[in-house]
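**Q** Take a look at the letters that make up each chain.
Number of protein chains: 2
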Amino acid sequence: MSTILDDLREAVGDSAVLVDPDVTRGYERDMMPTAPNGTALAVVLPGTVAEVQAVVRACAAAKVPIVPRGAGSGLSGAANAVDGCVVLAMTRMNAIVEIDQDNRVAVVQPGVVNLDLRAAVEKHGLFYPPDPSSYDWCTIGGNLSTNAGGLCCVKYGVTSDSVLGLEVVLADGELLRTGRRTVKGVAGYDLTKLFVGSEGTLGVITQATLALRPLPQAPGTTVAAFSALETAGEAVSRIVREGLVPSLMEIMDAASIAAVETHLKTELGAGRGCAALLLCQSDSGGEAAARELRAIEQVCRDAGADLVHTTFDPAEGSLLLAARRAVLTALEVYGALMTDDVCVPRTRIVELIAACEQVSAEVGLRVAVVGHAGDGNMHPTIVYDPDSADEFRRANVAFNAILAKGLELGGTVTGEHGIGKIKREWLEREVGPVAMRAHRAVKAAFDPENLFNPGSMFSMP
Amino acid sequence: MSTILDDLREAVGDSAVLVDPDVTRGYERDMMPTAPNGTALAVVLPGTVAEVQAVVRACAAAKVPIVPRGAGSGLSGAANAVDGCVVLAMTRMNAIVEIDQDNRVAVVQPGVVNLDLRAAVEKHGLFYPPDPSSYDWCTIGGNLSTNAGGLCCVKYGVTSDSVLGLEVVLADGELLRTGRRTVKGVAGYDLTKLFVGSEGTLGVITQATLALRPLPQAPGTTVAAFSALETAGEAVSRIVREGLVPSLMEIMDAASIAAVETHLKTELGAGRGCAALLLCQSDSGGEAAARELRAIEQVCRDAGADLVHTTFDPAEGSLLLAARRAVLTALEVYGALMTDDVCVPRTRIVELIAACEQVSAEVGLRVAVVGHAGDGNMHPTIVYDPDSADEFRRANVAFNAILAKGLELGGTVTGEHGIGKIKREWLEREVGPVAMRAHRAVKAAFDPENLFNPGSMFSMP
Chain A
1 MSTILDDLRE AVGDSAVLVD PDVTRGYERD MMPTAPNGTA LAVVLPGTVA EVQAVVRACA
61 AAKVPIVPRG AGSGLSGAAN AVDGCVVLAM TRMNAIVEID QDNRVAVVQP GVVNLDLRAA
121 VEKHGLFYPP DPSSYDWCTI GGNLSTNAGG LCCVKYGVTS DSVLGLEVVL ADGELLRTGR
181 RTVKGVAGYD LTKLFVGSEG TLGVITQATL ALRPLPQAPG TTVAAFSALE TAGEAVSRIV
241 REGLVPSLME IMDAASIAAV ETHLKTELGA GRGCAALLLC QSDSGGEAAA RELRAIEQVC
301 RDAGADLVHT TFDPAEGSLL LAARRAVLTA LEVYGALMTD DVCVPRTRIV ELIAACEQVS
361 AEVGLRVAVV GHAGDGNMHP TIVYDPDSAD EFRRANVAFN AILAKGLELG GTVTGEHGIG
421 KIKREWLERE VGPVAMRAHR AVKAAFDPEN LFNPGSMFSM P
Chain B
1 MSTILDDLRE AVGDSAVLVD PDVTRGYERD MMPTAPNGTA LAVVLPGTVA EVQAVVRACA
61 AAKVPIVPRG AGSGLSGAAN AVDGCVVLAM TRMNAIVEID QDNRVAVVQP GVVNLDLRAA
121 VEKHGLFYPP DPSSYDWCTI GGNLSTNAGG LCCVKYGVTS DSVLGLEVVL ADGELLRTGR
181 RTVKGVAGYD LTKLFVGSEG TLGVITQATL ALRPLPQAPG TTVAAFSALE TAGEAVSRIV
241 REGLVPSLME IMDAASIAAV ETHLKTELGA GRGCAALLLC QSDSGGEAAA RELRAIEQVC
301 RDAGADLVHT TFDPAEGSLL LAARRAVLTA LEVYGALMTD DVCVPRTRIV ELIAACEQVS
361 AEVGLRVAVV GHAGDGNMHP TIVYDPDSAD EFRRANVAFN AILAKGLELG GTVTGEHGIG
421 KIKREWLERE VGPVAMRAHR AVKAAFDPEN LFNPGSMFSM P
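These protein sequence lines are chains A and B, in that order.
Numbering of the first sequence is given in the UniProt record's numbering, commencing with residue 1 and proceeding in unit increments.
Numbering of the second sequence is given in the UniProt record's numbering, commencing with residue 1 and proceeding in unit increments.
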C-alpha cells in the first residue's frame, strides 16, 4: 500500500494527501443518511489539472478506485467513499478563471462555490441560474456531476442547460476538452452533456465553460393558500396550461406549513385549515411581471384559493421564500430526514402528494411534501427517529413506496438529486434492461477498469 | 445479395423495398452539392418500429451498412448513401402520436415534417421552437439527428433543448428508451442528448418526446441599416452586453442585401451604401416587446445605424423576414452555392464577415454572409459556376479558408449543419486527438460492427 501513497504524495505534495482517519472520515460521506460508505485509503486535494492527471495515472497503475467529490452536499451517496479508494476532493481548485461579459460566458474550476459564482457574475450584470438548495456551500463541480436543479428550473432549466463545455481528466490520465465557447455548435457527439450528471463515473471534471444570462429584474411574489390539496394542484395545472412561465413556483403541503410555522414562529395559515401553499415569482420586471402575477392570482382564485397575496416588496418576497427554504430545517426538530426526489408530469402532482399522505398514515411517520411545482419535481420528506431501528425501517418502506408511486404516475425516481448509491435498483426499474446495457457500454468505453466511482449509479458485471 | 433483399422484403413488405436505380438515386444524397455519395443496395421505407428492428437485424446479420435519413434537407452529406448500404428512409413513420397540452409535451414519429408539428401544436396554443430554414419540408428525425437550429435559437435554444426522450433502435435491433416525459430528471446518463446530433451513427430514432412552450405573442420587428460592417457588429455586441434577448436577430451583409434587392425587386438600401442590415424581433408581447425593441433601436442608433425602423404590423414584419429568408434563393441566380456554417463568439462576428470579404477577393468569387447574429452562427455562402472545375476548386478553397478563420476566432466549424461527410478532417482539427478517441469509443460501444452511417462524422480504424 505504501507505493500508491508515495505516488500520490509525489503527484500533489505531502500536505495534499490526507490519511489520518479522523480527518478522512469527513470526506467519506455526503448528506444522505441512508447511503452506505466505505473507508478511503486517502483523501487527495489536487491544486492543478496536472496534479489531477498524475493522481488518476497513479491510481490507474495501482488499480485503486477514485471517488471525485465537491463539498459533499449531495443527497444520493454518489460522493461516498468505497473501501480502499482515493477520494479526490476538488475543493482547492476553486478559481473563477474568466468572466467574459460581452459573450456572457464564465470559465470556472470545479471547486468554485455556487454562490461565489453567482455573486461574481452579478457584478457584471449577469446571472448563473442553477440554484440548488445548498447553493451557499455546494460546488459547481458537484452541480455538474449531479446535473443539479433548484428553484429556478421552471424558467431557466437545470445545470446542463447552462454548460457549454468541459475539461475532463479521463481514465488514462489524458485531458479531454468537450464542447466550446460559442452558444451553438454541433461538431461531434454531445460529450459535454454525457459527462454532466454522470456522478463522477466517467472522469474527473477539472474546468467548465458556463453560459450566463442577463441578470433578471428583482422578482415580484404571489402566495396563494388553498384549503384543499386538489385545488392547489388544479391551480398548478392551469398555470402551466395557460402558458404562464413564472420564474419560481413552489408548493408546500400542510405538514410542511405546520413545521415552518412552529420553526419560524410565524403564521402561514395551517391553523385556518390551509392544506397547501403555492408560492410563485416573476422576474420579468415592471408591467410584464405585474401582468404575469395578476394572471397567476386569477388562476389561483378561479381554482378556489382561500387567500391570494402579491407583493413587489423585495423584503417581503424574500421572507416568503425563506419560509419555503426553511422546510427541511424546520422538520429536523422532529427527527432525522429522508428526502425523496421524484418528478412527475405536472398534472399528476396532486396524486403524488395524496399518495404521500396515505404512505404517511400507513407507516405511521410524518411525511412533509415540498417541491418545485412548476416542473413536477417533489421532495416528500420522511421524518424518523434515528435511534429507532424500527422507524428507520418504516422510513425506508415509505421512501420506496413514494418512488414506486412516482414511476406509476409516469415520473422519474430522481428529478435532481441523482441515483448515487441509494437508488441503483430504481434506476434499473425505471430505464429497463436495454438502457442498463447502454449505460454499462458507455461506462466501459470511458472507464474500462471501472475505477471512477465504482458502484455509484449502477454496478459493473 | 439476394438473401438480404429477401430478408428486407420479409421485414417491411415488397412495396417498401425500393431497388430501381432511377428511384433509389433520389434517396442517395442530401442538399450539400460537394458531399460524396455511394450507391445504395436498396432504399427501405419502414412503417413501424418492429419493421425498423427487423431491418436492422437483417442488415446486422448480413453486415450491410444502414444510412438512416429523413427528407434529405441536410447540408453536410450526413444522409448520403455509402456503397452497398440500405438507406432507411423514415418518412413514412410520420404520425404525431400525442399532444399533451396540460404537460406541454408532444410525442412524434421521426418522419413528421417540422412545419406540420408546428401547426398541430399551435392549435393547442403551444410552440415547438426549432425552425431550421427547411422547416416546411425537413423532418423531426432529421432535426434530431443533426441537432438542428434555426432563427429562434437566440431565445429558445436548439433542437436538443426541446427533447425530453427518445426511442432508438440499436445495432442489435433492441429498442432503447431514453429520457422521460417529465421536464426534469437525472436518472442515469443523458443518453437522449448523446443521440441528438449523432447524425445516425449510433442508432435509428423511431420516436421522440418533445417539450413544447407556450405560443409566444406575434412579434414586433426592428430593422437597422449600417453603412459600415463594424458598426453593425458593434450593435450586436452591445445588444448582447446589455442583456437584451430578442426572439430573433439576423444579419445580412452587402452582398446578401444586393442579391435580395435584385431578386425581390425591392429596395433595402444597398444603393445608399448599406453595408449591413440587422433584423431583430421580440415576441414578448405588448409593452414588454415595445420596450425591448426601443432598447434595441437605441443601441443601433448609438452604434451608428443610418436608419432604424420598428413595426408591430405582422405583415410588414413577415415581409422583412421574408427578405432575410430569400438570401439563398436570391443567390442561386448567380450560380451554385456552397454554404458554410461557422459559429463564433458573438463579439467576433465582424471579424468573420470581414475575413469573408477578403476571402472573396482572394478567390475571385462572390461570398455573401447571412447569419444568426444573436448566437454568432454565420452562413457565408460562396457562389460558383457548377460547370467550371476551376471555380469549384476556388469555392472549396474559400469554404475551407472560412472554416479556418472560424476556428481561429474561437468558434466551431459547424453551428447547426453538422459534420457529415464534408467536415470530417475539420472535426478532428477542432476537437483534437483525445476527443476523437472518445468519439470512437462511444461509437464502438453502440455500434461495434460500424454499420450505422459509417464514415459520417468520422471514420473508424
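Some hints here could point you the wrong way.
Heads up, the list lumps identical chains together, so a pair's fine if it works in one copy or across two of them.
Stated by the list, open to error - For lysine to any residue, the following SDA-like pairs were computed, each having C-alpha atoms within a straight-line distance of at most 20 Å:
# : residue 1 : residue 2
1 : Lys155    : Arg213
2 : Lys265    : Ala361
3 : Lys155    : Ile4
4 : Lys63     : Ile4
5 : Lys265    : Arg440
6 : Lys265    : Leu321
7 : Lys63     : Glu316
8 : Lys155    : Ala288
Note that these hints are calculated values from the structure, not bench results.
**Q** Run every hint past the structure and note whether it holds.
**A** Going through the hints against the structure:
{"no.": "1", "hint": "Lys155 / Arg213", "result": "both (12 Å within a copy, 11 Å between copies)"}
{"no.": "2", "hint": "Lys265 / Ala361", "result": "neither (27 Å within a copy, 75 Å between copies)"}
{"no.": "3", "hint": "Lys155 / Ile4", "result": "neither (47 Å within a copy, 50 Å between copies)"}
{"no.": "4", "hint": "Lys63 / Ile4", "result": "within (10 Å within a copy, 46 Å between copies)"}
{"no.": "5", "hint": "Lys265 / Arg440", "result": "neither (50 Å within a copy, 60 Å between copies)"}
{"no.": "6", "hint": "Lys265 / Leu321", "result": "within (15 Å within a copy, 58 Å between copies)"}
{"no.": "7", "hint": "Lys63 / Glu316", "result": "neither (55 Å within a copy, 67 Å between copies)"}
{"no.": "8", "hint": "Lys155 / Ala288", "result": "both (15 Å within a copy, 17 Å between copies)"}
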